[in-house]
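Protein chains: 2
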Amino acid sequence: MAYKILNYPRVRDYCNDIFQNYGFSEEESRTITNVLLMADLYGIESHGIQRLIRYHNAMKDGEVSVDVRPAITFETPISAVVNAKKAMGQLAGHDAMMLAIDKAKKTGIGMVAVSHSNHYGIAGYYTKLAADNDLIGICMTNTEAIMVPTFGRQAMLGTNPISVSMPADPTPFLFDAATTVVPRGKVEVYNKKEQALPTGWALDEKGLDCNNPGLVLNNIINKLGGGILPLGGSNETTSGYKGYGFGLICELFTSIMAGGATSNHAVENGHNEISHCFWAIDYGIFGNKEAIKKNFSVFLDELRNSKKAEGQERIYIHGEKELESYERKTKEGIPVNEKTFQEMQEIGRSLGVDYAGYIGEDF
Amino acid sequence: MAYKILNYPRVRDYCNDIFQNYGFSEEESRTITNVLLMADLYGIESHGIQRLIRYHNAMKDGEVSVDVRPAITFETPISAVVNAKKAMGQLAGHDAMMLAIDKAKKTGIGMVAVSHSNHYGIAGYYTKLAADNDLIGICMTNTEAIMVPTFGRQAMLGTNPISVSMPADPTPFLFDAATTVVPRGKVEVYNKKEQALPTGWALDEKGLDCNNPGLVLNNIINKLGGGILPLGGSNETTSGYKGYGFGLICELFTSIMAGGATSNHAVENGHNEISHCFWAIDYGIFGNKEAIKKNFSVFLDELRNSKKAEGQERIYIHGEKELESYERKTKEGIPVNEKTFQEMQEIGRSLGVDYAGYIGEDF
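Chains as they are written, first to last, in my numbering: chain A, 10 to 372; chain B, 10 to 372.
It cannot be assumed that every hint is accurate.
[As the list claims (entries may be wrong)] Below are the DSS-like pairs computed for lysine-lysine, each with C-alpha atoms no more than 30 Å apart in a straight line: (1) A:K348 with A:K317; (2) A:K330 with A:K298; (3) A:K115 with B:K302; (4) B:K69 with B:K201; (5) B:K348 with B:K338; (6) B:K330 with A:K298; (7) B:K302 with A:K232; (8) A:K302 with B:K69; (9) B:K340 with A:K94.
It is worth saying that the hints were derived from the structure and are not from the lab.
Being a predicted model, the structure only gives us computed values, none of them experimental.
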């Protein structure tokens, strides 16, 4: 696929303009844009501006409500349950993590569960908010069911990503990973390239290992059975039941604690009911923060400096690749593929936004 | 390997007798025995009575202290840090989880980090304690380093298991899994059977995929490099960096929060310094407990009843297999292999315990 590099501040301003056109305030638009473009800046294209068309359609269809504010339906000094009332997932998520951070600063911990929300972008955005406040952040979300449980052939759990962040020097630990072996986007890439899927990624409609990406995607779209495997693959040899378990833990802390729809009911009749959770932990509840952070930074350095496999030059800490990508792309620009570029133009046109002034006319 | 089925109450009484001989009180001996034999009853032989010889040697070498009581070194209403002072891991673990449960009942959550401990048996014992108290339990431990980080060739993290339990009907959800793809014990089984290891389990001393179990074990024992892979395997295709990340999260909440030794320093000069963490969460901080538990039970039922893969008859919820094994083995007995049986005899003889009265003379 062909890519064009777009100037980051201009794409940001374009998005802010678009979201204000939907009726969001300037501040809300900035938050949504920040979450959306952090994905592109981090190099996670699947969750970035290529999703703008989905949000655009959701707005048109009334799937996302612009005017609502999420409501707290249950609260204790250390916890809250929030009904997002179909708000933009990014706004519900940002507010919920800020509420968790606020509670953590007062009591040591804040745990917020959110129901009736929409897709909220990358989980890492929210845990980084906690780390930026010198707290541990934990964040999970369920999604439309796509993960087949071990020995099953029916998608029952979402990609159910889990993110954990902890401050460290020189950069925070920032883990953000689906509990499926891969996200759907990777199967789509193999399909476009007409490549066979690696074994252990997906199952066909009978629940058997399948290397045909087109068949898997068609089955998912038409709900014919099969889907993507949990981390660890299809059988007990490579411990797929562990990834299935992590997916279930994600479900427990999101939909079950929020009183929301579980992944297998999260999208029904084209209707989204996504649940998230946001935890902030002041690690000062375990002693001297400076010493704890220093010990963690030392261990991360020992990992970085440990011996490399033959042919490898670097051992990464989770979040490093993303932060380096962020530094580079805020300066050099965001790569956008041709289809996304055209969608950005169409959206601009339909809303009367001067897209050409932001991103130009030609790809 | 040949097995003999031993009567469970007799093995229990034998263990209680042994532990009291080391100087533990009757109550302490019962706790240690309960943790130890729960592994056998659950069918997790690697963590059961076959480890008795290791505890016996640790006692002789003064690696485990009998008379100490762990000390709380830092405390808040929702948290504590404990120095176990080389106590039996089972006792330090039991007390720490009971402290977390006590805090959770008062404040909604209890988070206890423990340093300077020993191997504590199966993590699931402790989270089940929380579930038995109608709370969510979370438990992690680091171990001697055996996991090689992605792109590395040096073991830097332990098997670092994570356990989560949540009450449900008819049986609790009880997840307990190493963040390595398999534990060391499985490599040992392949070695005994002279079978090639599945690709994705282990690395050789150069950090390359290795199917030779004898070579891997020899390298581990002599610290020549290589080791066991994180859940997800050796490369980015099957997302081994996710298992590596879960292992790192385990390290964060155990050694780092406890101010203890990280896995790569947990066993130095034959000296153990293991760290654990124990969290109990009263899920009533998220609303009506009965409704939450019911929703969770309904979802687990939907999972059980979802369509099976061709050739499969059952989808398991984590903990089901173990509970069924428990029911069966408390009645029918515990399978013990010949080597372990002989070790039990030797230990009994050396302590002047009438082992024959408990387990008989002949295998």
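Exercise. So which hints don't hold here, by number, going up?
Worked result: Failing hints, ascending: 1, 6, 8 and 9.
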